[in-house]
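Engineer: Below are the chains, spelled out letter by letter.
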Amino acid sequence: MKKIAILLTLAATVAVVFGAQGQRRAQRRADEATAAWKYEIEYARTGGNNMLLVKVWSYAEKPEIATSQATKNAVHGVLFKGYTSSGAGTISQRPLVQEPDAATRHQAFFDEFFGEGGDYMKYVSATVDGSTSVVKVGKKEYKAGVVVTVNKDLLRSDLEAAGIIRGLGSGF
Amino acid sequence: MKKTTLFALALLVAASAFGQAKKPTLMVVPSDNWCSQNGYMMEFDNMGSTTRIPDYTLAIQDDPDLINVVSKINILMADRGFPLKDLDAETKNLARSRAEASMMTSRSTGGEVSVSPIQQLRDQARADIIMQITWKVNVTGPKRSITYNLQGLDSYTNKQVAGAQGTGAQSFSAEVPVLLEEAVMAHMDNFSDQLQRHFDDLLTNGREISISLRMFDTSDVDFETSYGDEELLDIIDNWMEANTVEGRYSLSDSSYDYMDFEQVRIPVYNERGQAMDANRFARELRSFLSRAPYNIPCRVENQGLGQAMIILGEK
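Chains as they are written, first to last, in the numbering used here: chain A, 1 to 172; chain B, 173 to 487.
Next comes chain A alone, as it looks inside the complex (with noise of 0.2 Å):
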């Protein structure tokens, strides 16, 4: 009877230590996905008070993280990808980081930016509620699409004093 709890209880801790490990490599790899540029972006809607409201698409294997993952492709989309106008109605938006090296020039402050806990939660105000669909697009692969707002003037003008993009009077 003990030797069975011992092995229930060791079969318990394997569980979750694969389990949790499970976890965090399908968000390193979504994480990768984001740093790769696999997601998508595109215009929803125009918010109040100059907020962008974005439908991202996201890649993982886990659909709770493919739709987690949404708020942080939303900002690194903002930032570096932008979107163009798809008809009538719609907004194109460039990208707010235009030169093109910015990203390794500036690595050291993204991965922070862009990691556990980092500062991009800070521009993502809401993800709206009852938006999201779920794909799954291969064996062990979903896409989750979530209409996510950005705070893209408050994201601006933190990057702008942090010297990662130049603000419109910067040469004077």
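Quick caveat, the hints were computed from the structure, so don't treat them as lab data. One thing to keep in mind: the hints can contain errors.
What the hints assert, rightly or not - Some chain B residues judged to face chain A by a derived CB distance under 8 Å, without partners named:
1) Lys195
2) Pro236
3) Asp237
4) Gly253
5) Phe254
6) Thr339
7) Ser345
8) Glu354
9) Ala358
10) Asn362
11) Leu367
12) Asp373
13) Leu375
14) Ser391
Stated by the list, open to error - Simulated restraints, written as ranges between beta carbons of each label pair:
15) A:Trp37 with B:Tyr430: 54 to 62 Å
16) B:Asn218 with A:Trp37: 40 to 48 Å
17) B:Ile247 with A:Thr132: 47 to 55 Å
18) A:Gly115 with B:Arg455: 53 to 61 Å
19) A:Val134 with B:Ile247: 34 to 42 Å
20) A:Gly163 with B:Gly419: 31 to 39 Å
21) B:Pro314 with A:Thr104: 22 to 30 Å
Said to hold, decoys possible - DSSO-like mimics (lysine-lysine), calculated; alpha carbons at most 30 Å apart, straight line:
22) B:Lys244 with A:Lys55
23) A:Lys55 with B:Lys308
24) B:Lys315 with A:Lys55
25) A:Lys3 with A:Lys140
The beta-carbon is built from N, C-alpha and C at its ideal position, and this holds for glycine as well.
Once you have looked at the hints, place chain B on chain A.
Structural biologist: Using the frame of chain A, we list chain B on its own:
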């Protein structure tokens, strides 16, 4: 020792003041098209022909949407560290200046200060960059949308240096001011990006202006008159080469009695730290021509921030 330190400090302050370029001034105005569509034009007799010019004062007083749009753009630009000249405040200042000018009379002759209609037009919107807005409310059944156009025009060249335009999404319920606010916000980033590229170009390559040179028919010289081995045309051409940023200018056309320079890139500030415009640049050329060995009397006609004409032969 104390004096030396104070002198060094004063030099440092002066150097930093001149080393930093002043920001260009920007102002938002409604476009001529919008003013015409909405009945905010005034007419004056320009030597026999009727000329229509926008009446910004009336537009600001009458149209609440215009105030909202101008105010929103002002706020967004101020957020970017670029506060704008306010059209409302400028028109009020102008009205006060005109009222003061109309009260002035000459002490000896009793003559009045004259302000030509052309000068009135120039006075209405004086800024380095004019941000010209146009919008139109589109109505399709119960749905409304806004077509919005924002143009950034360089007052020196009248070239469009930034622009953003588009038609917003149709809405059943949103009111026009809300749709307008959305349109302003949606297009401001793209506009600012283009403006920044223009500023970068300005700081690197200088301001772009045009200079024309003409000759009074009573003049003793023309552009083919020789001074030593060179004709006057070549001497002026060499002066332009030496005084433009990296020798950037184009002599677009010339003859014995005229020279037209275009795409002349002048430094943003001269050696004394004064902001340069076409008039100041032309006065420097006039000063060069009126000195020995040329001793040519010249007159500079100001034609706006970015254009000037020098007439040789008489003062």
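Engineer: Hints first: check each against the structure and report whether it holds.
Structural biologist: Right, here's what the structure says about each hint:
1. With its C-beta approaching chain A no nearer than about 4 Å, Lys195 of chain B sits inside the 8 Å limit, and its interface hint holds.
2. Hint status for Pro236 of chain B: violated, given a least beta-carbon distance of 20 Å to chain A, over 8 Å.
3. Look at Asp237 of chain B: its Cβ only gets to about 18 Å from chain A, farther than 8 Å, so that hint breaks.
4. A distance limit of 8 Å between C-beta atoms decides the matter here; for Gly253 of chain B the minimum to chain A is near 4 Å, and the interface restraint holds.
5. A least Cβ separation of about 5 Å between Phe254 of chain B and chain A falls short of the 8 Å threshold, and the interface hint therefore holds.
6. Look at Thr339 of chain B: its Cβ gets to within about 6 Å of chain A, closer than 8 Å, so that hint holds up.
7. For the restraint placing Ser345 of chain B at the interface with chain A, the shortest Cβ-Cβ distance is roughly 14 Å, beyond the 8 Å limit, so the hint is violated.
8. The restraint placing Glu354 of chain B at the interface with chain A holds, with a minimum CB-CB distance near 5 Å, inside the 8 Å limit.
9. Below 8 Å, beta-carbon pairs count as interface contacts, and Ala358 of chain B has one with chain A at about 5 Å; its hint therefore holds.
10. With its C-beta approaching chain A no nearer than about 6 Å, Asn362 of chain B sits inside the 8 Å limit, and its interface hint holds.
11. A distance limit of 8 Å between C-beta atoms decides the matter here; for Leu367 of chain B the minimum to chain A is near 6 Å, and the interface restraint holds.
12. Violation of the interface hint for Asp373 of chain B is found here, the shortest Cβ-Cβ separation to chain A being roughly 10 Å, above the 8 Å cut-off.
13. Using the Cβ-Cβ criterion of 8 Å, the hint placing Leu375 of chain B at the interface with chain A is satisfied: the shortest such distance is roughly 5 Å.
14. Restraint check, Ser391 of chain B versus chain A: the minimum CB separation of about 42 Å is more than 8 Å; hint violated.
15. Our hint of 54 to 62 Å for Trp37 of chain A and Tyr430 of chain B holds, since their Cβ atoms are close to 57 Å apart.
16. Checked against the given bound of 40 to 48 Å, the beta carbons of Asn218 of chain B and Trp37 of chain A, roughly 58 Å apart, lie outside it.
17. At roughly 34 Å, the beta carbons of Ile247 of chain B and Thr132 of chain A sit outside the given window of 47 to 55 Å.
18. Checked against the hint of 53 to 61 Å, the pair Gly115 of chain A and Arg455 of chain B passes, with Cβ atoms roughly 59 Å apart.
19. The hinted range of 34 to 42 Å is satisfied by Val134 of chain A and Ile247 of chain B, whose Cβ atoms lie roughly 39 Å apart.
20. Our hint of 31 to 39 Å for Gly163 of chain A and Gly419 of chain B holds, since their Cβ atoms are close to 34 Å apart.
21. Distance hint check for Pro314 of chain B and Thr104 of chain A: the Cβ-Cβ separation is about 52 Å, which falls outside the suggested range of 22 to 30 Å.
22. Proposed proximity of Lys244 of chain B and Lys55 of chain A is supported: the alpha carbons are some 26 Å apart, at most 30 Å.
23. Using a Cα cut-off of 30 Å, the hinted pair Lys55 of chain A and Lys308 of chain B holds, with the two alpha carbons roughly 29 Å apart.
24. Between Lys315 of chain B and Lys55 of chain A the alpha-carbon distance is near 25 Å, which keeps this suggested pair within the 30 Å criterion.
25. Taking the CA atoms of Lys3 of chain A and Lys140 of chain A, the gap is about 37 Å. The hint is violated against a cut of 30 Å.
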